[in-house]
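Chain order of the listed sequences is A and B. Start counting the first sequence at 1; every next residue gets the next number (the numbering used here). Start counting the second sequence at 119; every next residue gets the next number (the numbering used here).
Simulated from the structure, these hints should not be mistaken for laboratory data. This structure is a prediction, so every number in the text was calculated from the model and none was measured. All C-beta atoms in this analysis are idealised placements derived from N, C-alpha and C, irrespective of residue type, glycine included. Do not rely on the hints blindly, as some may be mistaken.
In silico lysine-lysine, DSS-like type, Cα no more than 27 Å apart, as pairs [what the hints assert, rightly or not]: (1) 189(B) - 96(A); (2) 189(B) - 127(B); (3) 55(A) - 96(A); (4) 110(A) - 127(B); (5) 110(A) - 175(B); (6) 55(A) - 78(A); (7) 175(B) - 96(A).
Which chain B residues face chain A? A few, computed with CB under 8 Å, are given here [stated by the list, open to error]: (8) 151; (9) 166; (10) 180; (11) 182; (12) 212.
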Amino acid sequence: AQTVTQSQPEMSVQEAETVTLSCTYDTSENNYYLFWYKQPPSRQMILVIRQEAYKQQNATENRFSVNFQKAAKSFSLKISDSQLGDTAMYFCAFMKGYSGGGADGLTFGKGTHLIIQP
Amino acid sequence: NAGVTQTPKFQVLKTGQSMTLQCAQDMNHNSMYWYRQDPGMGLRLIYYSASEGTTDKGEVPNGYNVSRLNKREFSLRLESAAPSQTSVYFCASNFMETSTQYFGPGTRLTVL
Numbered sequence: 001a002q003t004v005t006q007s008q009p010e011m012s013v014q015e016a017e018t019v020t021l022s023c024t025y026d027t028s029e030n031n032y033y034l035f036w037y038k039q040p041p042s043r044q045m046i047l048v049i050r051q052e053a054y055k056q057q058n059a060t061e062n063r064f065s066v067n068f069q070k071a072a073k074s075f076s077l078k079i080s081d082s083q084l085g086d087t088a089m090y091f092c093a094f095m096k097g098y099s100g101g102g103a104d105g106l107t108f109g110k111g112t113h114l115i116i117q118p
Numbered sequence: 119n120a121g122v123t124q125t126p127k128f129q130v131l132k133t134g135q136s137m138t139l140q141c142a143q144d145m146n147h148n149s150m151y152w153y154r155q156d157p158g159m160g161l162r163l164i165y166y167s168a169s170e171g172t173t174d175k176g177e178v179p180n181g182y183n184v185s186r187l188n189k190r191e192f193s194l195r196l197e198s199a200a201p202s203q204t205s206v207y208f209c210a211s212n213f214m215e216t217s218t219q220y221f222g223p224g225t226r227l228t229v230l
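Here chain A stands alone, though its shape is the one from the complex (with noise of 0.2 Å):
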């Protein structure tokens, strides 16, 4: 089984400033994927970014990019220039490489508040 560990449950930066949210995993698998979700407090699950285990570059989505360390199994999210509207929960997840049937689900860490101050 997967588990997914973020350590830190509120963050709060001011406006402009560049954030970093950390998150580290654990498994036995070799495929796999990772993925930053944000859930506003309208609690729709946004898709920030994904990354792909096989892959060394590091995904990058405007101004959200990520620090992908596979060894370390470390998967932290840099925010640049941060808006007021990227005062959010931010949710780590994991997803195995498909095994040919299908994709499993998503295991998720338990999240990190971000809020942005003016």
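With chain A's structure known, arrange chain B on it following the hints.
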């Protein structure tokens, strides 16, 4: 495209009552999922359907049943609701080409 839709958005039940949460996706995805979200717990997998005609238990399946009605629809049934099932329920479907799950808006269920 509506994406993933869920009904109802809110529901209040009394202990022992039954109900079915409905989920549908119009993205032609093969795999569908039900999660629950409790305060401070993140999302946990209840059941999933890797493909039409198959269903499998997730981390917290007790007290629930599911039906994959067709490729589009995946329902979650509570036969005898308990206060411990008070939660927010999310349905999701998976786009295999990018291994990405897309979520519905959620159902807030309260069991009194």
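Quick rundown of the hints versus the structure:
no.	hint	in the structure
1	189(B) - 96(A)	holds, 22 Å
2	189(B) - 127(B)	holds, 22 Å
3	55(A) - 96(A)	holds, 15 Å
4	110(A) - 127(B)	holds, 23 Å
5	110(A) - 175(B)	holds, 21 Å
6	55(A) - 78(A)	holds, 18 Å
7	175(B) - 96(A)	holds, 16 Å
8	151	holds, 5 Å
9	166	holds, 5 Å
10	180	violated, 16 Å
11	182	violated, 14 Å
12	212	holds, 4 Å
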